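Chemist: Based on the hints, put chain B in the right spot on chain A.
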Amino acid sequence: MKFQIEEVTVYFPYDNIYPEQYTYMVELKRALDAKGHCLLEMPTGTGKTIALLSLITSYALAKTESPIKLIYCTRTVHEMEKTLAELKFLHNYQVKHLGAAAKMLAIGLSSRKNLCVNPKVSSAENRDSVDAACRKLTASWVRSMAAENPNQPTCEFYENYDRAAGGAVLPAGVYTLEDLRAFGKEKGWCPYFLARHMVQFANVVVYSYQYLLDPKVAGIISKEMQKESVVVFDEAHNIDNVCIEALSVSVRRQTLEGAIRNISRIENEIDRFKDIDAGRLRAEYNRLVEGLALRGDLSASDAWLANPALPDDILRQAVPGNIRRAEHFLHVLRRLVQYLKVKLDTDKVEKESPVSFVASINSDAGIDQKALKFCYDRLHSLLMTLEITDTDEFLHIQTICDFATLVGTYARGFSIIIEPFDERMPLIPDPVLQVSSLSLSLSLSLSLSLSLSPLCMLCLCCHDASLAIKPVFDRFQSVVITSGTLSPIDLYPRLLNFHPVVSRSFKMSLTRDCICPMVLTRGSDQLPVSTKFDMRSDPGVVRNYGKLLVEMVSIVPDGIVCFFVSYSYMDGIINSWNESGILKDIMQHKLVFIETQDVVETTLALDNYRRACDCGRGAVFFSVARGKVAEGIDFDRHYGRLVIMFGVPFQYTESKILRARLEYLRDTFQIKEGDFLTFDALIDVMNIELTDRNLNQRQAAQCVGRVIRSKADYGMMIFADKRYSRHDKRSKLPGWILSHLRDANLNLSTDMALHIAREFLRKMAQPYEKTGSTTGRKTLLSQEDVEKLGNNGAQEMLY
Amino acid sequence: MNNSEKKRMNGEAEEENEEDVEDEGRDAWERTYTDERSWEALEEDESGLLQPIDNKAIYHSQYRRRLQSLSATSAASRIQKGLIRFLCVVVDLSKAAGEMDFKPSRMAVIAKHVEAFIREFFDQNPLSQIGLVIIKDGVAQSLTELGGSPEAHIKALMGKLGCAGDSSLQNALELVHDTLHKIPSYGHREVLILYSALSTCDPGDIMETIQKCKKAKLRCSVIGLSAEMFVCKHLCQETGGSYMVALDEGHFKELLLEHAPPPPALAEFAIANLIKMGFPQRAAEGSIAICSCHREAKVGEGYICPRCKARVCELPTECRFCGLTLVSSPHLARSYHHLFPIEPFTEVSARQLELSRVASKTCFSCRESLLTPGTNKAGPCAACTKCKQYFCLDCDIYIHESLHNCPGCESRRITPAAASVTMS
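Order-wise, the sequence lines are chains A and B. Position 427, counted from 1, in the first sequence is what my numbering calls 427; the numbers after and before it change by one each time, with no gaps. Residues are numbered in my numbering as their position in the second sequence, beginning at 1, plus a constant of 799.
Isolated chain A, as found in the complex:
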């Protein structure tokens, strides 16, 4: 359908539109008009992505005099593919209506691992080794060597691409990663370099957060983006963590050992070069005297990782004298590593500010701040000079230099924390525990393996999320931060330190109450349940939790997902359930699958979980609220009819890193610790809910029916902790969940919850009316409705 929002004609590829999508577009358009940043919260499953894409591309079409470029950042490759598929659908629709005028170029950019078509290279197992393998074939010196020596292997795709030079362009269209690979294969051009080249010309670029936020990557990839760009961060509820991670470095003992190995290897290389080609080192020295800015003329295939500090903070100065010569630089590194090693040999937790840390390095190891600051670039230049291509071998020393540069550059917003052991599990004699005696028709062995907590870690933590994102806000005209959960919406501008022109939260319009949140505060014996520290090991609480699950598995069909607050708590509770026979009772009704920290194992478990749900056997999945493994997996439809959250997943508050961050937030932004913790915990819970109700569309080929089908989905959530009934915790839940949380469901005991669940499931199983015309709540707007809306002003009709 096609409609007007003020002066912009919006092309929307479906026949009907949800009212919240429409208002979302109106708000977004206002932000674009104002050339400002905005913050929009809308529940997943309402078609956020298509609303965004369709408005922004239509906006670009309408304002031909100043074309805007869309930079769309996603968290995962999977989301990237989904976005591109949706964009393709939209583009086809626009071309159908507008003809050639709607032509645009949209590409997805990902790492070499996802784009490489050279069979020899792409077979490598991880990202770093693919990168290294590629460099081995395409580095400029390798190629010049190949020119003389035909036996030297090179990458034919890159050679072809290079030969085509300016002629290598992508015709207009939408390219998913798969399309890019296919195109590359057909033409014989390297898709990775082609895509990187085309990023400057494309109207729409879809890539990962890191390409904008991580200065190491952003310096290379996103350098040439124009100012008139709209940057969208989708699923941005933990964007602050991404920002922080981009500027944080952690050093372990293994890293240091690896670094020492690397240093000796570099030393050998230097000796070798001295024998063969002493002039080369000499030339490098001269170049360094003139300053590092010379890096700019490196060919694209040599560009590697840029400086980890932000572009504004890099000094345009010559490298200090004491690290210009390769040997001297190596000495400095060696001393640095030695110093860190001594630091790590402590048995108590230490926290230092960067300033005092730098001072003590200066006095103990004799390295001044300026030398530290240049470490990364100096190393980079050295590796280049030494023509080292197996870069994946040198990750350790890179980490060290990364650390040195950041510590040398920033005095504020960081702290250095040395943790000799992980406090959560100081004494775990045998962390591997096998519960394999229990197996039912689908073979299931639960191995609760905890990876041995890495002993001794030195962390340079960034506490200020606004540091990394600041250049993005400064550089681009509009930045859109959007997600299913951004509540409380006023906290984000403070955390990220920017001023949005629009910040709004949208509700989901539903024809029926398809989500049923419940807060369970008491067990069937009326005793309170909680995972509060003083209560969590109480056998009564454990038993009540067990009873709740046993009852629920007998009345909820198909899949149930349970979230626990931490791995150690989950292990403990499953153990005691096993001893008291509760686990066996559960297995009478459903199979049990458990998330572990092993990715392969968990993937297998999830796969079997889905199969068990599909074939009607029913299954329970035990997961951890902050577990990284199950993150981003959809527990939609029958894969998650019920989600039980046992406890409130606060971050581990005794963690030094978190403490330091809270302190910083309190001092700098006046954000109360409790506020942030609750916010953080609930964001996490909601995340789960989202992935659960993540009605997020997997299918590329979609039709309006699909969207409706996702609204036809239903599910229940049980928050099993007495603390959820408190207003200050509850009010941090996003509005669209709160609106379904009736007062009657706030303070339930197990049997009341059972009763509600039974009724709810029966009610939801009734045939579903799509448009909601009979219930009087209109949830799908047709073309005429939207036109009417445009005339009357959207607000009145909606709420």
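In short, the hints are calculated from the structure, not lab data. Check before you lean on any hint, since a few could be wrong.
[To be verified] Computed cross-link-like contacts, DSSO-like style, restricted to lysine-lysine with a CA-CA straight-line distance of at most 27 Å:
(1) Lys1052(B) to Lys763(A)
(2) Lys894(B) to Lys584(A)
(3) Lys103(A) to Lys216(A)
(4) Lys216(A) to Lys113(A)
(5) Lys911(B) to Lys763(A)
(6) Lys1187(B) to Lys1160(B)
(7) Lys1185(B) to Lys763(A)
(8) Lys1075(B) to Lys1052(B)
(9) Lys1052(B) to Lys911(B)
(10) Lys902(B) to Lys763(A)
(11) Lys894(B) to Lys547(A)
(12) Lys1108(B) to Lys763(A)
(13) Lys547(A) to Lys902(B)
(14) Lys1075(B) to Lys1108(B)
Since this is a predicted model, take the numbers as computed values, not measurements.
Modeler: Leaving out everything else, chain B in the frame of chain A:
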């Protein structure tokens, strides 16, 4: 229950006995209201006034909805209906059937309504046959072979009530498939599963079995008793059946009875087929013959196969010896109306009725006045689209659900022109 307690408490105080009696009296007086639950027949309107609920109107609107949905499926063109149905009713008697959320238990409720269903089914589909299958302890067993006698099925089911163990949908489907796939091609193969459990413990891959059923053109429908299960939904979608979940006992009954009228024929079956049938004669009173179904000598009360002269006890059935399908002509006639349903009547509002030129304002079939008694205002009624006669709501339901003929159309004098059309 409080009374005995009260009495005990009041026992010491003899002088209060009088009041006690009065209490009793008031209780009894109250009890009549409790039995009637008359307050439930009231509802608040938007201004807070109490209004009696018009049960009749609600009932009628429910019926209209049912009728609309029925005619909507067969509206566009005349849809072929499968009149000769072979239905397997699968009753899940696993542990979950013992749950008490339906009173007294799911099992008892199922049994009660299956009995009613079987009678209704044979009433509406005299040419069809039913077989009963139960699931218990993870295995499926056939309770009765396909047959046309309601009594036999009901008796078998009542004798087997009792639940235990897990449920297995796959085993049931396999068994039903084996039973039904040898049915001749003119018969419609249907499965109706009454499923209490929320999971299925299967020996193999149920998806394969579902595909097998789809290939064998079994139309599988499921009525769930607790919640929606993905695999049931999948089964019904694949095989073209319907999947419903019962809210309460009344709803369950309604859902079950929806399966009594024949469903539209599947496209694959919609080829014209000639079926050989025999119309047996009723055996003479007092004649003695060996009955082919019971294998013993019986006196009178039987039918004789026109081809092989064997005696059978009841119709419709298949002759044991020559395999001829034996029916009686009333059976055929009763099945006939499914093919030519009367079109749903249009609703006439009170205002339209007042404006209409019909003088009498009475129902055409029962001659009751259409005006609401007392107020003398016109109440709601319905009109036939063909003969334009008015009917009261009761007659509307009666005509569509039992009579299957419109008295207005039937009693119209056939004009010569119309007659010639019908003649040709």
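Chemist: Next, verify each hint and record whether it holds.
Modeler: Evaluation of the provided hints:
At most 27 Å may separate the alpha-carbon atoms for a hinted pair to count; lysine 1052(B) and lysine 763(A) meet this at roughly 17 Å. Between lysine 894(B) and lysine 584(A) the CA atoms are separated by roughly 17 Å; this keeps the pair inside 27 Å, and the hint holds. The hinted pair formed by lysine 103(A) and lysine 216(A) fails the criterion: a straight-line CA distance of about 33 Å is larger than 27 Å. Restraint check for lysine 216(A) and lysine 113(A): satisfied, since their Cα atoms lie roughly 18 Å apart, inside the 27 Å limit.
Proposed proximity of lysine 911(B) and lysine 763(A) is supported: the alpha carbons are some 24 Å apart, at most 27 Å. As the CA atoms of lysine 1187(B) and lysine 1160(B) are separated by approximately 13 Å, the hinted pair is consistent with the 27 Å bound. Distance hint between lysine 1185(B) and lysine 763(A) is unfulfilled; the C-alpha atoms sit about 39 Å from each other, more than 27 Å. With a C-alpha separation of about 36 Å, the suggested pairing of lysine 1075(B) with lysine 1052(B) is violated against the 27 Å cut-off.
Pair hint lysine 1052(B) plus lysine 911(B) holds up; C-alpha atoms about 9 Å apart against a cutoff of 27 Å. Taking the CA atoms of lysine 902(B) and lysine 763(A), the gap is about 19 Å. The hint holds against a cut of 27 Å. Of the supplied pair hints, the one linking lysine 894(B) and lysine 547(A) holds, its CA atoms being roughly 19 Å apart against a limit of 27 Å. At most 27 Å may separate the alpha-carbon atoms for a hinted pair to count; lysine 1108(B) and lysine 763(A) exceed this at roughly 56 Å.
The straight-line distance between the Cα atoms of lysine 547(A) and lysine 902(B) is roughly 25 Å, inside the 27 Å bound, and the hint therefore holds. Annotation: proposed proximity of lysine 1075(B) to lysine 1108(B) holds, straight-line Cα distance about 16 Å (limit 27 Å).
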